[in-house]
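J.: Just need the whole structure built from these sequences, with the hints factored in.
Residue numbers (my numbering), protein chains in the order written: chain A, 1 to 112; chain B, 1 to 236; chain C, 1 to 112.
Just so you know, these hints were derived from the structure itself, not from any lab.
Errors might be hidden in some of the hints.
Quick list of simulated restraints, FRET-style, between CB atoms [as the list claims (entries may be wrong)]:
# : chain 1 : residue 1 : chain 2 : residue 2 : range
1 : B       : GLU13     : C       : LEU25     : 50 to 60 Å
2 : A       : SER7      : B       : GLY53     : 53 to 63 Å
3 : B       : ASP106    : A       : SER7      : 22 to 32 Å
Some, not all, of what chain B presents toward chain A, calculated at C-beta under 8 Å [claimed, not checked]:
#  : residue
4  : ALA12
5  : ILE36
6  : ASN63
7  : LYS65
8  : SER205
9  : HIS209
10 : ARG225
Computed from a predicted structure; not experimentally measured.
Note that the Cβ used here is the ideal one computed from N, Cα and C, for glycine as well.
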Amino acid sequence: MIRPARSHPGWWAFAVHRASGVALALFLPAHFLALGTAIQGEAKLETFLRWSEQPLVKVAEWILVTLLAAHLAGGLRLLAIEFLPWREWHKTLAALAAGFAVAVGLAFALAR
Amino acid sequence: MKLNVSVWRGGAEGRFEDFEVPRRGSQTVLDAVTYIQRHLDPTLSYRFACRVGMCGSCAMTVNGKPRWTCRTHVDKVATGGRLQVAPLANLPVVKDLVADMREFFDKWARSRGQFRPTATRNDEFARVRPDSPARREADAGVECIGCGVCYAACDVVKWNRDYLGPAALNRAWTLVNDERDGAKRERLDAVAGDAGCHACHTMMSCTEHCPKKLSPTRSIAGLKRATLALALGGEP
Amino acid sequence: MSPRAGARLWVAQRATAAVLAFCVLVHLATMVFAVRGGLTAHEILERTHGNYAWCAFYSLFVFAAGIHGAIGLRTVASEWLGFRGKAADAAMAAIALAIVFLGLRAVAAVVL
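T.: And the structure:
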């Protein structure tokens, strides 16, 4: 249940940034281990890639890519707020970040 | 027409108690609380002073949001004729609707939110241009009256008990920008780190809820830049 | 942790964020480009084998991600798990090292 004092764009931006950051941090070791199978040869990596063709894995992949885009865009928003001269643009930046994440998600989904 | 007002009774442990308050035109939440204390239950404890939106003493949690009760019209917040009033969040409860503001002001002091003069009565008046960039930055945050609403709204305060909080950091920023002040170095040291400006996640709940429309987020972003030189080992 | 050390962590977080902004944009573009028509181990390795540019890029990516992720997780652990102090700082360093190690291993796996 989201408390009333939290129902504003800045808080949502934070929530998405944190959730995506934690998800990506937890994913990263798995990603590296998967790529590391190439040490045992191309066939091993190929086996893994075939395994990842399953629908559930594909969906998870797509979610991660979208979260990566969201975390990037949210992060750029923070860098703008913290380092550039102050402007009343934090909500606009949040909207742009959301738009960017959606666009990347679509691009990735459609690229397959 | 009646208004159902649910009021926090007790200290940290307690419960919500319901009262029926007659609705009046232009009624504020403070009006409703005052009615309860005067006509229904004289043991209800609450704070107020000016009742016209100048002192910030009447800040409480109304339907989950920290607000000045004297400036909150019942019509605007009583969805379905119901109101829930509780003490400000993130502070210990003294009794009922009264929060203990000591830690709020202790943190103000810890962030070196006090002006340190550099001139004496024998010196000329300081000439500070109001349109200088530094003075503009200071002026943007200087109207804070220490009501505690931002502190109550901030989730970092909730999760990090050492966090100095938006008001204390905002005040520090106004002083960092005060060319007459002589404690800049110590102040930047005081506001840096895990308990200081670097703990802010730019959630902006402070800015969203400030009744004086200040932006502690803006001040804290300024402190982050100001402490950059400190972090990199140079002089601020 | 002293205020100054805390400030330095913040600087490291923002500096690696800027590096990651560049790396992630390249990575997202590469992904969208590469998954077209399916993804095979052969395609990946063809692109990366013996390629020092990719090696340098991904190594930089790994270092930045390891530092950035570890600092971020430290904050989450402190705020949501109440895990702070010297033990938490040590855990942060360990996580950074682990991510960098696994990451460089993965880079070696696809480049060498």
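J.: All hints are to be evaluated individually against the structure, with a verdict given for each.
T.: Hint-by-hint comparison with the structure:
1. B:GLU13 x C:LEU25: 50 to 60 Å: 52 Å, holds
2. A:SER7 x B:GLY53: 53 to 63 Å: 24 Å, violated
3. B:ASP106 x A:SER7: 22 to 32 Å: 30 Å, holds
4. ALA12: 18 Å, violated
5. ILE36: 22 Å, violated
6. ASN63: 6 Å, holds
7. LYS65: 5 Å, holds
8. SER205: 6 Å, holds
9. HIS209: Nearest chain A Cβ about 7 Å off; hint holds.
10. ARG225: At 7 Å from the nearest chain A Cβ, ARG225 (chain B) passes the 8 Å test, so the hint holds.
Of the hints listed earlier, those the structure fails to meet are numbers 2, 4, 5, in rising order.
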